[in-house]
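Novice: Fit chain P to the given chain R structure using the hints.
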Amino acid sequence: MNSRLFKLVTRLASSKAGSVEYPFSKNALLPVPLAVPSDRADALRKGRGLMYFLQQNLPEPKKRQWLQTLFSRQHPQRLLPGSVLTVTLEHAPGVFSGVLMSVRRRGPDTSFVLRNVVQRTGVEMQFFVNSPHLKDIRVIQRAGGGPGKEGRRQRRAKLFFLRDSPSKMTAISAGLRG
Amino acid sequence: MIEMRPAPEVAVLQTRPTLLLCRTLSFIRGPMFHQLDLMRVVFKQTRLGKAAFFFFKSPPRTMLGLRSLAQTPQLLIQRCCRQLHTTAANLANTVPHPKWTASSLRTGLIARKRGMTAMWDDNGARVPITVLQLENCQVTANIVTLRPDRSEYHAVQIGASDRPSRTTTAQMKGHFRKARVPPKYVVREFPVTPDAHIPVGTTLSAVHFVPGQYVDVTANSIGKGFQGVMKRWNFRGLRASHGVSVSHRSAGATGAHQDPGRVWPGKKMAGRLGGKRITMQNLTVMRVDTDLDLIFVKGAVPGADDAHVLVRDAKKRLVTLAQAHQAVGAYEKVLPKGVDDLPFPAGTKEMAQHLPTVIEARSKRVTSPFVPRE
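For the protein sequence lines, the chains are R and P, in the order given. Take -14 as the starting number for the first sequence in my numbering and just add one per residue. Take 3 as the starting number for the second sequence in my numbering and just add one per residue.
Worth flagging that the hints you see were computed from the coordinates, not collected in a lab. Since this is a predicted model, take the numbers as computed values, not measurements. Don't be surprised by glycine CBs; every beta carbon is placed ideally from N, CA and C. Check the hints yourself; a few may be wrong.
For the chain R half of the interface with chain P, some residues (derived, Cβ under 8 Å), not all of them [to be verified]: (1) L14; (2) P18; (3) Q40.
Chain R with its partners taken away, still in its complex shape (with noise of 0.2 Å):
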């Protein structure tokens, strides 16, 4: 019911200023539409950096954010694979930790893995950054930080070699618990 009324009311608000209507379609959403450069403008109608302008524009300004600095290749600021991560999310389990194996990046279809052991039992759970249900994400531990065996970069970009090895998960995830 919350759910409903909250929809209802966001779909009012985001309709256009002047109550523009949709007379094809009475539920249609009405997004804010992309901003467009006049510069830009001629060339995007005629397909040059058409979707490198999507990639861009179409997530939110917090997922923009989190695309740009934590899931770039080059930020100084980006996630290493072998960081510990906290992620909240809206649908169950709501709140997951483990540590990101890999990390996709596809412009708003980026996603990453993360992996935990939870009762004994090996879990991974896919995450796309995109998505609305994904609400926080908090680093408990960034890889290739502190002096150690816990901070050191991994070599690797993809950390399928954890599902072998119940050790270095406990190794690098040993921060968790603590």
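Specialist: Here is chain P on its own, set in the frame of chain R:
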């Protein structure tokens, strides 16, 4: 290729029953259309005999009209001469706005496949998206022909993607000059019902499709060259080991023995794969952006990026379903869920100016897939 012959100003009448009579047809001018062009009717020469080609720029002379009325097929009079307006000044809102009905068939559009991405619907479910963009999609002709069995064929000819004049042939330049549009790279026609003709020169917009409706997308698939049977026909090949020599990906046997003693025609074998005209049916339109003329379609679409694709109302999940439900009387089911009406005869640039810039479809699901059912 349709023969285009500029018709003489003066009508030539023949009394033979195979005669085709053409009248200038000015179409319904609702508040939607501001162009004051009269539609040109282009007739193909039929096999039955010589046809007279007409092109009226001025109002039809009464005497000519009466005499020709006596000779024309009734069907043609009823349908084509239903609205006869001479000049734009007489039109002035006397005819109501045309509406989409379950028995009408609208034109399609020509778009460019730009690429794929993903979006999340209002339930939070991920939807893979193909981005299609319209590149100055304009109507270049309206086509009306009589088939040998006297039935009518109506179509709207659409051109897309402006082309430099110096690379356009003289013949095509003449054709585009008649339509008063810039030369185009691609010209295709879409069969429509007689009520769905559009004034020549109209620029169409992404608003033609309603988020939530289903479309068929047609394009030439990516060519894969000469391919083996495993890729081309999903054959399983042979074992990787255990004595198989040199034929791990081959087709194996191609027939029986002495009976029939030959290979059946059409036997699946290796050959050229791809590069054919393919239609993906029943794709949902998820989002429409009139600023950049984008149509976001759920799923994949044949063809490479930047290829031209034809986008039409889905034959199975929109057109035939609408006709079936209308015939039975299930009026709520005529259009897909979430779609209340379709722009008719087409969604144009003028219409797009009065509508929101971005329209997105809601999820077809009633409940969220993330909430477990009790």
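Novice: Hints first: check each against the structure and report whether it holds.
Specialist: Here is how each hint holds up against the structure:
For the restraint placing L14 of chain R at the interface with chain P, the shortest Cβ-Cβ distance is roughly 4 Å, inside the 8 Å limit, so the hint holds. With 8 Å as the threshold, the beta carbon of P18 of chain R comes within range of chain P, its nearest partner Cβ sitting at about 4 Å, so the hint holds. For Q40 of chain R, the shortest C-beta to C-beta distance to chain P is roughly 7 Å, which falls under 8 Å, so the interface hint holds.
Comparing the model with each earlier hint shows no violations; every hint is respected.
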